[in-house]
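J.: The whole structure should be built from the sequences, with the hints applied where relevant.
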Amino acid sequence: MEGNGQLAEEYHPQRTPSPSPAKVTINNPRRCVVNRKLLPIKGFYLVFMAAVGDLLPFIALFMKQLGLTPHETGIIYGIMPFIGFFVRPVIGAFADKFKQHKMILIVISALTGIFYFLLIFTPSRPNPQTVQIHSSFKCNVQDSFIQDCLDETQTDSCSNGLTAFANVTERNQSLSCTFHCQTSAEAASPEFSACFTNDTGPFDVTHCNGTLSHGKHLNFIAPDLRKLIEEKEIARDRMQAASLKCWDYDPKDILFEKSNKVLQILCSKEVDLKCTVKCPQSKNCTGGGSSFDRTFFTFFFIFLLANIAFAPIFPILDASAYQILGEDHHLWGNQRAWGTLGFALFAVTATFITQGEDGDFIVTFYLFLPLCIISAIIAYFIPISSDIKCGQFVKNVCRLLSYGEVSAFLIVVMYFGMLTGALETFLFWFLSDLHGSPLVVGFVLLVNCCAELPMLLVAGTIIKFIGLVNCLYLAMISYGIRMLVYSFLTNSWLALLVEPLHGVCFGLMYAAASSYASIIAPPGMSATVQGLLGGVHFGFGKGLGSFITGFMFQSLGPRWTWRAYAITSVVLLFLYILLNKFVFTAAHKPPIGGDRVETASDRTDDHSRPEEILIKPRAGAVDTAMP
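Here the sequence shown is numbered in UniProt numbering, starting from 1 and rising by one per residue.
Check before you lean on any hint, since a few could be wrong.
[Said to hold, decoys possible] Restricting the straight-line Cα-Cα distance to at most 30 Å, the calculated cross-link-like pairs of lysine-lysine (DSSO-like) are:
#, residue 1, residue 2
1, Lys64, Lys99
2, Lys269, Lys252
3, Lys227, Lys245
4, Lys252, Lys274
5, Lys97, Lys138
6, Lys227, Lys216
7, Lys232, Lys252
8, Lys37, Lys99
9, Lys261, Lys232
10, Lys269, Lys232
11, Lys216, Lys138
12, Lys269, Lys258
13, Lys278, Lys216
14, Lys138, Lys99
15, Lys138, Lys261
16, Lys37, Lys64
17, Lys261, Lys274
Everything labelled a hint here was simulated from the structure, so no lab data went into it.
T.: As structure tokens, this is what we get:
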């Protein structure tokens, strides 16, 4: 049948002339058609994001393995995004002016692999000394107590008392600490018998749940250090003499042999034991003076070069994808989804290879380099148009920023970048402090990708139906929920319950933000505006978030840091809603008509204005086919 319903003429070889191929029409709407122009874009997203997932999530743990401190890590992670903030638009404008987008993409993809690979040659520091926690345990036939003293004139940062250590841990965190106690070598009669008992009477071996006979040492566990310090102090025995302060604590409900719980410990005679206390969060000694040495500056310099090369890759790639998609710019998420797939596969693989912070990261570096080289080769086949004008960059960008709605949009994107920086730098650090399995990191990344992938595929549909700003509202709400849940975590595996929200926090959010940036881009400045968007989010916002969060972790603690971000998200959400509802009018919106040249948004079939796409849901059918 022909397209008009008539029978097609049958072709016979002996009949001349043969019918024109144009007359033979096969119209099968269900036939699968592959858009070959988009294959290199999909391939680049897949391979390069595989490289990113293989290495970049583990850089902070690699820095920890090198011996860099959290303070140094915060400085490096705080500075690098600012470098990217300036590099992205500059290289984007350079590519626009000289029409060498493809060549620049090839070169920076290869250089990214080379510079990140060179990080493995950073010299590591010797293993840092752990802060030692000391206390005393005094025991007799009637009672026992822990005595902890603090000398305020002491300057040794590698030695600490039990009370001082408890005061610098999180208020709502339960710490189980093990006491290793022994008699002094100078004691006249060092051997003694200890009775672990639930009885309230005096020492009696017949009422002991466990007995240590004729020993010189004693081991037991205080299951909740915070509760011991705050609720079990014997206030009447508190003592202060000059610079020395001492506190006595009643060690009730302790554990012996790891799991046996008893009321108290009694001894066969008066003994005074010196104890070394081991807690799961004993910190590294910071008094060695090794900060900002050769390890720091070597890593900083190489990491700086790697970030300069890495920064403009996605703005140029995103601009190329939008240019190829044309009127179907809402299908950008379908292309980016391939990157999420590559990221997920290699992030999980790398987790099993490295097995967490104590693993060997060399394999991930050796995988990263060839994946970047393959990406550079794929970039050669991306059909990037050379018909791009640089335009007046400063004039056009300043013109965009003069509209209140655009400025508010960029501020919100910057805040999302701050949250990205906070999570990327400190979330895995926080989860590792909860003493979960090293595999938690891999499963968090896996859940992130599994949530992001379908969200990218349907992002265009959601954006069309609810509007871009409503997508940003959803992202703000999702971030607030995630931060609030993190602040109450006691088990690192429970983080997986809220990680599916990453699909909204990043997948939907960045698809909406990137789409809006494509809409408002002046003619010939697509790469430049995408670079500005990436700079605001991944540069200025991410750097500011990493830097501020480092100070918040130190002053407020991780839990109140997450709560502060949750509160800020709610406040900013209401402010943004009020601005869009009552403040932003036509005068605050990007111009349409006049001297404004038609953009992709103006060519949509329903001729929606960008402000309508930004605020309002769009009616009509939605094309969700994979190009």
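J.: Hints first: check each against the structure and report whether it holds.
T.: Structure-based check of each hint:
Between Lys64 and Lys99 the alpha-carbon distance is near 42 Å, which puts this suggested pair outside the 30 Å criterion. Under the criterion of a C-alpha separation no larger than 30 Å, the hint pairing Lys269 with Lys252 is consistent with the structure, at around 19 Å. Between Lys227 and Lys245 the alpha-carbon distance is near 20 Å, which keeps this suggested pair within the 30 Å criterion. Taken as a hint, the Lys252 and Lys274 pair is honoured in the structure, with Cα atoms around 19 Å apart against an allowance of 30 Å.
Note on Lys97 and Lys138: the hinted pairing is violated, with a Cα-Cα distance of about 78 Å set against a maximum of 30 Å. Of the supplied pair hints, the one linking Lys227 and Lys216 holds, its CA atoms being roughly 28 Å apart against a limit of 30 Å. Under the criterion of a C-alpha separation no larger than 30 Å, the hint pairing Lys232 with Lys252 is consistent with the structure, at around 8 Å. Of the supplied pair hints, the one linking Lys37 and Lys99 holds, its CA atoms being roughly 19 Å apart against a limit of 30 Å.
With a C-alpha separation of about 17 Å, the suggested pairing of Lys261 with Lys232 holds against the 30 Å cut-off. For the hint linking Lys269 to Lys232, the alpha-carbon distance of about 23 Å falls within 30 Å, and the restraint holds. The straight-line distance between the Cα atoms of Lys216 and Lys138 is roughly 13 Å, inside the 30 Å bound, and the hint therefore holds. In summary, the hint linking Lys269 to Lys258 is supported, as the alpha carbons are separated by about 25 Å, within the 30 Å threshold.
Between Lys278 and Lys216 the alpha-carbon distance is near 19 Å, which keeps this suggested pair within the 30 Å criterion. A distance of roughly 79 Å separates the Cα atoms of Lys138 and Lys99; the hinted pair therefore is violated under the 30 Å criterion. As the CA atoms of Lys138 and Lys261 are separated by approximately 20 Å, the hinted pair is consistent with the 30 Å bound. A threshold of 30 Å between alpha carbons decides the hint, and for Lys37 with Lys64 the separation of about 43 Å lies outside it, so the pair is violated.
Of the pairs offered as hints, the one joining Lys261 and Lys274 holds, with about 22 Å between alpha carbons and a cut-off of 30 Å not exceeded.
This entry does not satisfy hints 1, 5, 14 and 16, going by the numbered hints stated previously.
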